[in-house]
Structure formats: structure tokens, C-alpha cells
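Join the two chains, each given in its own frame, into one complex according to the hints.
The residues making up each chain are set out below.
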Amino acid sequence: MAFLFHLGRYALFVREVFRRPVKHRLLLTQTIKEMDVLGISSVGIVVIISFFMGAVITLQTAYNIELPFIPKYTIGLAARDSILLEFSSTIVSLILAGKVGSHIASEIGTMRVTEQIDVLDVMGINSVGFLVLPKVLAMVFLLPFLVLISMGIGIIGGWSAGTLTGVVPSNDFIYGIQYAFIPFYIVYSLIKALVFAFLITTISGYWGYYTTGGSLEVGHSSTRAVVVSSIQILLFNLLLTQLLLA
Amino acid sequence: MIEAVDICKSFDGNQILENVSATFKTGQTNLIIGQSGSGKTVFLKTLVGLHQPDSGSVFYDARNFTSMSKKERIEARKEIGMLFQGSALFDSQTVEENVRFPLDVFTTQSLEERRDRVNACLQRVNLENVNDLFPSEISGGMQKRVAIARAIALNPRYLFCDEPNSGLDPKTAIVIDELIQEITQEYNMTTIVNTHDMNSVFAIGENIVFIYEGKKHWEGTSEDIFDSDNKALNDFIFASKFFKKIKDHR
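Going down the list, the sequences are from chains A and B.
Last residue of the first sequence: number 246 in the numbering used here, and the count goes up by one each step with no gaps.
Last residue of the second sequence: number 496 in the numbering used here, and the count goes up by one each step with no gaps.
Derived by calculation from the structure, the hints in this document are not laboratory data.
Bear in mind the structure is a predicted one, so any value in this text is a computation, not a measurement.
Fair warning: there could be bad hints in the mix.
As the list claims (entries may be wrong) - PhoX-like, lysine-lysine: derived pairs with alpha carbons at most 20 Å apart:
1. A:Lys23 / A:Lys33
2. B:Lys291 / B:Lys271
3. A:Lys23 / B:Lys316
4. A:Lys23 / B:Lys324
5. B:Lys291 / B:Lys461
6. B:Lys490 / B:Lys477
7. B:Lys477 / B:Lys491
8. A:Lys23 / B:Lys317
9. B:Lys271 / B:Lys317
Unchecked claim - Which bits of chain A does chain B cover? Going by a derived footprint, with three or more residues having C-beta under 8 Å, they are:
10. 16-27
11. 123-130
12. 215-224
Idealized CB from N, CA, C, for every residue including glycine.
Looking at chain B on its own, in the form it has when it is part of the complex (with noise of 0.2 Å):
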């Protein structure tokens, strides 16, 4: 479970968060939505501890992530993997070395043992015989899946996923979904999704907190939405024709 209590961050006096708290629990796919400019990639930046938090605490299983040692947190990074917007697979690294590089740093594994490792995770994404390929030689929907792969190579307990399905088609980016959902399930890993994909939201959202202009605005899940009142959440998630008239014919 990771927690957030009363988060604050500023960025040269503008506030970007201001006090948010949420709760993410673990097996479930958390997701974090809002507008573009709301604060949400600012919150999970900060959940992941690639920002500091001018105030405000960050949980991992009681574990306070925001006021570890530097020892402590490289430890404790370990055990997170993260799936970047644009995927951020090493250009000048084949697939095979992208998967094989947190386990090359953190492990004392043999070669052969590696390699068994990165196979099981390729297998795991569906992607076979990719291994000797570079990112710029496979699609984009590929490159997320290397991308997904690297993230579990060291079978972590946290998983960051930044806006997932940026770029994708909406054939492949329900596949991502449903691959970070099934991760998820069989990992039993604390998954936070940052996204603004309506589909991501009704397809793989179990847990779901809404940013809005820095502020914690609503949370819940994804049957909560249609019941819900707030007025800043409707006019995000019903802002397309399609959605509204899901709603008006509940």
C-alpha cells in the first residue's frame, strides 16, 4: 500500500500540489486522473520520489519513503519499477540489454541466468524473438511492452505507469491496460496509473483520484463516476459526446 498525506509541491513559487492525500492499495490498479497542467505527472513524480515534496509525507507499507536516508531509499528503489509516457528504453540498448539492466546492476545473477529472466518477462508481455532488436527497430505498442517488462524484471512491489497509453491506438492501449491489470493481479503489486484515457479509467480502474488544479478533488471507483455530483470531475470524464451519452442512457 502507498500512502500520500497532505503532499505539497512548488515549482518557483507557483503551488502545484496543495495538501493532497490518497491512498493506493495493494493488487489493485490505482489510477490518477485530470487534466493536462492538473498536477497529476507532478503528484506521481513525487510519489516515486523523482520530486521532493516541500511538505506532506509518502508511505510505502508505513515505511516513510519521504524521510529515508539516501542509502535507505536507494534500497527501497529496488523494489519499484516504473513505465515512463514516452517509454524510455535506452536508445544505444538492444531489447534484450534494456530488460537485462536492472537485473545487470542489482543482481549477482550469472549470464545465463539474466537472460532466462529477461525471456520469462518478454514472454510475460507477449513479445518474443525481439530480443536482438533496438527500440527504434519495433512499434511504439512493442516499445511499452519492453518498457513493461523492464519495469518487472526485478519483480517489484510498486509500479509507476505515466500516462501508458500516450501515443497508442486504441486496439493497443487496451492491451497495456489489461496487461499492467493482469501484472498487478499476479504480482500483487501497489500499480499507479497516471492517465487522462477515458477507457484506461472504465477498463482498469479500480481505485481512482482525481486531480484538479492541484487539489485532491474526488475518489473512487470507476461505477462511482456516474453517480457522482462533482461538478470539476463530470465536465472532465463527460467532456466528449460518446461518454455523455453513456451516461444519459444509465
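Extracted from the complex, chain A is given alone in its bound form (with noise of 0.2 Å):
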């Protein structure tokens, strides 16, 4: 019961997300200082976790490939699909879902359990919508780009590894990346982090918006955003992967 609960509450959410924005100036200015404070400050940590994937992926397929008569460049092959596939979308969702989602849900909370909320709904103004919105925007704009630069990162990461511990020449990586290259793994990808970008950022407003009590609530709310965030991403992974790869 609490499931079904929730998720027409959520509905009911998203539905006040994307109902007319008060001021589009407004709007305007709160997505591109979302940018900023979600996008653009994840970048970081997204170029680290990227760049370790793709040595730690090379490694493995390296050491994992016993049989002689397989060529070299099937390491750097393999790498550039898992990355492309799966590790630069799910992820560097999945970790941004711990960073993003837990800000997310902290500061809305924060401003529901301090009356901030309350101030915006006596003025008159969508709460969700105000504080959601701009959210939405900016991740669904700017997720896409953090998985093309973990692509392109994790791909640099399996290439110095690679060459630096010479389980793989450079030339073999080099073609095994661009050996049977299908394009539609990128789209498909970046549909992918369009989907968690939405997740993300609606289900950890959810939860803060909807904070009751005081900061241990706020905890609670944050947690329970990153936990549901993740378990979402892991579902639609596999239904975006049934769908678009079948």
C-alpha cells in the first residue's frame, strides 16, 4: 500500500514540476545556477571515477583473455564497450544519484522542515515547480555531457593502463577501439542518462519536498533518495536495455 502511495503522490509531483513556471527570466536564471551547483561542480569526481573504470576494465579483460590466439586489440574492444555501454551511463549515474540526489533531497528538506517552503507557497508560487524545474533541466542537460566525457575519459584511463603496465601495446588498444565502432551504442547511452537524469533529480525532490520533522527526517530523506534513485536507475537500465538494444 505504501508503495502504491508513493507512487501516485509522485505523480501527482512530477505532474507540479512542469506546471507554468511564474517568471521563465526566473526560471532561466535557477537552471543555469543548478547547472553550476549540480552539473558542472560533478564534473570532477565523474573524470576520476572515469578514468579508473577504464584502467581497472582494461586490466581485467586483459588478465581474463588466457587463449593465445585471441588478438590484443579485443582488450581495448571490449573496454570501449563496457564503458560506452554501461559504465559511463549506469554508472556515473549511479554515483551521481549518491551526490546529486543526497544534495538534492538535503536542501529541499532543509527548506521544508526551516518553513522556507511555506514562504513560497503563501506568496503564491508553485514550491515544486520552483525548486524541481530548474533541477530537472539542468541535469537532463547536463548528464548527457558527463557521460561523453566519461566516455572519453574511461576510454584514456583503459589506454594508460594498458600501455603503462603493457598488457596491451598502444597501436592493439587503439584499434580495438575503433574496430566494429557502432555509433548507436553513444545515442543509446545518452538516452540512458537523459532517463536517470529525470529519475534523479524528481525522485530526490520527492522525497525532500515531502520531509516531515526535523534534521534526523532530513537524513532519512536523503537516504531514501539515493536508495530508491539507485534501485530506478537499475530498473530502467533494464528496460532501456531490452528496449533499444533488442
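Put into C-alpha cells, the structure is as follows:
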């Protein structure tokens, strides 16, 4: 019953998010601000994670290919496909669900318990739309770019690890990442990023908005936002993979 | 004038307000008093439209606020200013941005005009050179004054204050009380203050509504309180030895 209650309330919440904003100029200003707070500030962590992720994928692939007749460039190919199809979109989104999701839920939750949301409601401002829509727009716009950055850095990480440890020659790795390249894999990853950005921001916004109580409950909302966002990312990853790649 | 007629409100089956009716006059500081948990905050939030009553109506100068459409209500809200218990300033905005916020949202004025209005409002609440500070960088009393400045930025007709003295020292509390009263008279607003501060009751209470266990138990002026034989009111007002002494000396 609780699941149905939250699902229904979440649907109404999302409808409110997209209700006409009070002032478009204000929405634009807020969205740019959120792009900086949520997106640009996440570039660092995305770069670090992607580099090491790419490096580990390359090394693990290399150490698991034992048959001598499998060409070395397969390592580059396998690393590329793993990064493009799964790691850059899903893993980066899961990490951002933690970073951005908890930030959104705690920010909105704190605003709720300190009556800042009531101020907006008293003024007749659609508080859901005012607080959540700029975050949705900012992340939907920026997450695909973060995923593209992650792809590039992941491959650089893979190449660096492969060549520095000597498990794959540079030429073979570069040949591998170009071999049998399917551009749709990038489109597929970007579509997933759009959906995940929407899920992270709306789910985190939802848990933050309906916080009741004090600082302890803000913490609970933040945790719930991360857990539920992560589960939804995994669920939608499965659905989108079946829909787009089957 | 704001009129509440037979307001009933319950949460999860618990009756919080039971047929509460009251009239709050324009140009006066109207007080809602009562013990913690008596239902006075729920009453104030129902008057301001943050809670929808189960039954009963709220009239803003004969306009039925309760039955207004969403669009009409949004328009009516532009005439409302509210001061919250914890000031409720936006943490991420400076003092100037906080006061300018309603002007940014609801007016088409140029930035210069809006800034002039912000400065006028800040001057009115006796604050200067704080425009670029964040709420966390100013004292509790100053935060309350910034919140008052924000509440009056749009020249509201109705001002609601929820425990404006909460967390303030007695001297600052008096400053805030006097400011609310002065602004009420200056702007000819209908002001409703929710409080359990006895100093406020005697200092600015021109029309007082006493809520007890979700019902209106008494209504009158601060002078009438001394002559009232309402037991619940007397137990509440004269709970401290100090106020009891004052009553005995009269």
C-alpha cells in the first residue's frame, strides 16, 4: 500500500513540476545556477571515477583473456564497449544519484523543515515547480555531457593502464577501440542518461519535498532519495536495454 | 478585515480546531494566543491558506478565500505577507536577494527600482549595510527584521506573524513587537500575530483571541484580560508569579 501511495503522490508531484512557471526569466536564472551546483561541480568526480574505471576494465579484460589466439586489440574493443554501453551511463548515474540526489533531497528537505517552502506557498508560487524544475532541466541538459566526458576519460584511463603495465600495446588498444564501432551505442547511452537525470532529480526532489520533522528526518529523506533513485536507475537500465538493444 | 467562520480542522482523525470563529480588524494588531498544542498555529496556517479547513470559511474583506479558485487564490496571495517562527529566509540568498525575491517574482520593475524598494524596506526595519550578507551571518533579531522587510516588500494588505519573538531576548522581542505594530498602522494592514509571549500580549495586543483545546475560549483586549473570569485564560496568562503579582496589584 505504501508503494502505491508514494507512486501516486510521485505522479502528482511530477505533474506539478511541469506546471507553468511564474516567470520564465527566473526559471532560466535558476536553471543556470543549478547547472553549476549540480552539473559542473560533478565534473571532477566523474573524471576521476571514469579514469580508474576505464583502467580497471582494461586490466581485468587483459588478465582474463588467456587464449593466445585471441588478438590483443580485443582488449580495447571490450573496454570500449563496456564503457560506452554500461559504465559511463549507468555507473556514473549511480554515483551522481548519491552525490546530486542526496544534495537535492537534503536541500529541499531543509527548506521544508525550516518553513522556506511555506514562504513560497504563502506567496502563491508553485513551490514544487520553482524548486525542482530548474534541477530537472539542469541535470537533463548536463548529464549527457558528463556521460560523454566519462566515455572519453574512461577510454584514456584504459589506454594509460594498458600501455603503462604493458598488457596491451598502444597500437592494438587504439585499433581495438575503433574496430566494429557502432555509433548507436553512444546514442543509447545518452538516452539512458536523459532518463536517469530525470529520475535522480524528481525522485530526490520528491523525498526532500515531503520531509516532515527535523534534521534527523532530512537525513532519512536524503538516504531514501539515494536508495530509491539507485534502484530506479537499475530498473530503467534493464527496461531501456531491452527496448533499445533487443 | 479577516473573518474566520466556524473553522474545523483535523489531522488523521484528531480534531485540532472545532468551530473557531473570529474577526480580525484592519489597522489593528490582532493576537492569537494559547498554550503549545492548543491549535493556534494550525488556525493561523488555515487563515493563510496553508491548510484547507475541513469545514468553515475564511473571508478576506468579504472575499471567501476558502472557496476561491486556484487562480484567484494566487492573485489574493500577492496581498499577503507572512513572518515565520524561524524567519524562514532563503539560506542560499543574501539579505538583499531575500527581500527582493517577491519583487523579482511578481513585478516587472527594473533592477534599480527593485533595489530602491529593497533599501526602503530595509531602512523601514532599521537595517543598513547588510544587503550583501547571508542569513547565517546576521543575528536572530536581524533575521526577523529581514523577514519583516521581505513580508512588506509588496505592500501587503494582510500580515501574518507566527511566533515572531520566538528565540529572541526580551529587548529584541520588544523591538520586533513595536515594529510590527508601527508597520500595521502605517500600512493600514490587517495583522494577525500568533504568540504565547505575555509581554507581546500586553504590549501590542489590541484584539486578542484565546484558543484552548482547539476552541475559541475568549476574545477581548489586553485590558479586558485583567477582568476576565475565564479560568483557562487566567491559568494561561497568569501562570508566572510575575504576572500574577501584577494582577493582584491592580
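Does Lys491 of chain B sit within 20 Å of Lys477 of chain B, going by the straight-line distance between their CA atoms? 17 Å, holds
Assertion that chain B covers the stretch 123-130 of chain A - criterion: three or more residues, beta-carbon distance below 8 Å: Contact hint for the stretch 123-130 of chain A vs chain B: holds, 3 residues under 8 Å.
For the stretch 16-27 of chain A, do three or more residues have a beta carbon lying closer than 8 Å to a beta carbon of chain B? Coverage by chain B holds here, the residue count being 3 at a Cβ distance below 8 Å.
Pair hint outcome, Lys271 of chain B versus Lys317 of chain B [Cα-Cα no greater than 20 Å]: Outside the cut-off at roughly 26 Å; violated.
With a Cβ-Cβ cutoff of 8 Å, does the stretch 215-224 of chain A contain at least three residues near chain B? Three-residue rule not met by the stretch 215-224 of chain A, so violated; n is 0.
Between Lys23 of chain A and Lys33 of chain A, is the straight-line Cα distance small enough, at 20 Å or below? 16 Å, holds
Hinted pair, alpha-carbon criterion (20 Å max): Lys23 of chain A, Lys317 of chain B. Please report holds or violated. 15 Å, holds
Sort out whether Lys461 of chain B lies within 20 Å of Lys291 of chain B, counting only the CA atoms. 16 Å, holds
Verify the proposed pairing of Lys23 of chain A with Lys324 of chain B, using a straight-line Cα cut of 20 Å. Answer holds: Lys23 of chain A to Lys324 of chain B is near 15 Å, not above 20 Å.
Hint check: Lys291 of chain B vs Lys271 of chain B, CA-CA at most 20 Å. Holds or violated? 18 Å, holds
Hint consistency between Lys23 of chain A and Lys316 of chain B [alpha-carbon to alpha-carbon, up to 20 Å]: Roughly 17 Å between the alpha carbons, so the hint for Lys23 of chain A and Lys316 of chain B holds.
Quick one, are Lys490 of chain B and Lys477 of chain B close enough, alpha carbons at most 20 Å? 13 Å, holds
Taken one by one, the earlier hints fail for this structure at numbers 9, 12, listed in ascending order.
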